[in-house]
Structure formats: structure tokens, C-alpha cells
Amino acid sequence: EADIYQTPRYLVIGTGKKITLECSQTMGHDKMYWYQQDPGMELHLIHYSYGVNSTEKGDLSSESTVSRIRTEHFPLTLESARPSHTSQYLCASMGHYYEQYFGPGTRLTVT
Amino acid sequence: AQSVAQPEDQVNVAEGNPLTVKCTYSVSGNPYLFWYVQYPNRGLQFLLKYITGDNLVKGSYGFEAEFNKSQTSFHLKKPSALVSDSALYFCAVRDSNAGNNRKLIWGLGTSLAVNP
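One line per chain: the protein sequences are A and B, in this order.
So the first sequence is numbered by the working numbering: it starts at 712 and just counts up by one.
So the second sequence is numbered by the working numbering: it starts at 64 and just counts up by one.
Treat each hint with caution, since some may be false.
Said to hold, decoys possible - Below 25 Å or equal to it, Euclidean Cα-Cα: the simulated DMTMM-like pairs (lysine to aspartate or glutamate) are:
(1) K112/B - D714/A
(2) K132/B - E78/B
(3) K768/A - D72/B
(4) K112/B - D770/A
(5) K112/B - E753/A
(6) K121/B - D714/A
(7) K112/B - D741/A
(8) K768/A - E790/A
(9) K85/B - D749/A
In case anyone wonders, no lab produced these hints; they're calculated from the structure.
These numbers come from a predicted model, not from an experiment.
Take these sequences, add in the hints, and give me the full structure.
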């Protein structure tokens with residue numbers, strides 16, 4: 712498996728809390744992505760970055776924000792979590808031939 | 064519009080039988096095509112890709128895929144299915160629109176169940 716890491720793997724948190732989902736990769740890839748996925752369902756792109764200080768919103772509107780201060784690090788933040796944010800969040804980076812490598816995901820439950 | 068279709072939500076196959084998971088695409092230009100597998104509570108794992116060259120691409124875990132330009136298809140195959148192949152499979156194609164070509168367009172996924 713590729714060297715891309717996500718923490719935490721599982722998170723249960725109350726409504727209104729601020730959370731940051733961590734994603735890091737050691738492959739030196741410039742392009743990184745965040746997807747949201749409900750169990751067994753399709754992937755929705757919520758954020759992406761083509762390099763340091765570059766971030767864009769994806770195809771699915773999301774109340775989360777991202778930052779890219781270092782190549783290897785692409786954290787996602789929710790300022791005020793709500794039950795509607797309950798989902799799995801997948802981080803990925805893109806290799807030379809446009810293949811994406813995924814982390815193990817963070818399963819978020821907001822109560 | 065560019066798109067990827069996986070026409071079957073679920074595929075059931077007996078262990079030891081060959082399996083096929085279907086994928087068709089619509090993009091302009093030469094397609095870059097990918098297959099991924101997702102096991103429960105895991106991220107997606109890259110299986111194989113087609114960029115150019117031989118239409119039959121071999122990948123991980125004994126899987127292969129056949130690129131058919133005239134039918135715009137990229138079906139995933141395995142000669143002999145294992146129970147452990149039961150998972151969710153995603154097909155993807157590189158977005159060829161200028162400015163978007165560093166994103167992938169994803170199919171909705173196909174759930175494969177291999178019965179003992």
C-alpha cells in the first residue's frame with residue numbers, strides 16, 4: 712500500500728465541536744484530494760490541492776476547509792460539527808500517471 | 064459530458080468461476096482508466112490502470128482489465144474468483160477537460176459478492 716496516512720481512524724464527537732482530520736503522505740506528491748463517502752456509496756470530491764498554498768473546492772459543497780502549508784500535509788477542518796457531517800472522509804494523493812493513492816480513511820460520527 | 068458508468072450495482076459469482084465487473088466511459092481524447100477496490104472500513108486500493116499500449120492490462124491480486132476503444136469499455140476480469148475478492152469496486156477515468164485533468168471521474172461502484 713501507498714504511504715499515505717490519516718488520523719484519527721475513528722472519531723465520535725458532539726455537535727458544535729471543532730475538529731481537524733489529518734492527512735499526510737511521504738511520496739512527495741503535489742496533488743492531494745479529500746473525498747466524502749457514505750458507507751458503500753459513491754465518492755464525492757470535496758477539496759483538492761495542486762501544491763503548496765493551492766486549495767480548491769470540489770464538486771460537492773462542503774462546510775469544511777483545508778490548508779496546504781507543506782507538500783506532505785493536507786488537513787481538513789470542520790469549525791462546527793453537525794450530525795449531517797457524519798460520514799467517511801478519504802484522503803488521496805496523485806502519482807505520476809494520474810493514479811490516486813488513498814489513506815485508510817476517517818470515519819466520523821457527530822452526535 | 065464526461066462520465067463513467069458501472070451498469071451493475073451488484074455482481075454475484077460462485078467461487079472458482081470467472082468474474083467480470085463492467086465499466087464504460089465517455090471522455091474526449093485518449094482515456095486514462097483505473098480500477099480500485101475497497102474492502103469494508105478501508106480506503107480504496109489501486110488495482111490497475113490503462114494509459115496506452117496493450118489493451119489487456121494486468122494488475123494486483125490476479126485481476127486484469129480489457130480496454131475496448133470502439134465500445135468505450137474497460138471491464139475488470141478475473142479468471143477464478145475467491146471469496147476474499149468480495150468488496151466494492153470502482154472504475155475511474157481522468158477528466159480530460161483542460162484545467163480539470165488532474166481530477167478523476169468516478170463510477171458509482173459495483174458490489175461484488177463471491178459465494179463459497
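Restraint check for K85/B with D749/A, where alpha carbons must lie at most 25 Å apart: 22 Å, holds
Hinted pair K112/B and D770/A, Cα distance within 25 Å: With a Cα-Cα distance of about 24 Å, the restraint between K112/B and D770/A holds, given a limit of 25 Å.
Satisfaction of hint between D714/A and K112/B, Cα-Cα up to 25 Å: The hint holds at about 19 Å.
Distance restraint between K768/A and E790/A, which requires alpha-carbon spacing of 25 Å or less: Since the Cα atoms of K768/A and E790/A sit roughly 16 Å apart, the hinted pair holds (cutoff 25 Å).
Distance restraint between K132/B and E78/B, which requires alpha-carbon spacing of 25 Å or less: It is violated: about 30 Å lies between the C-alpha atoms, which goes past 25 Å.
25 Å limit on alpha-carbon distance, applied to hinted pair K121/B and D714/A: OK: K121/B and D714/A at ~22 Å, within 25 Å.
Hinted pair K112/B and D741/A, Cα distance within 25 Å: 20 Å, holds
Pair hint outcome, K768/A versus D72/B [Cα-Cα no greater than 25 Å]: 29 Å, violated
Given pair status - E753/A, K112/B, alpha carbons within 25 Å: 20 Å, holds
Taken one by one, the earlier hints fail for this structure at numbers 2, 3, listed in ascending order.
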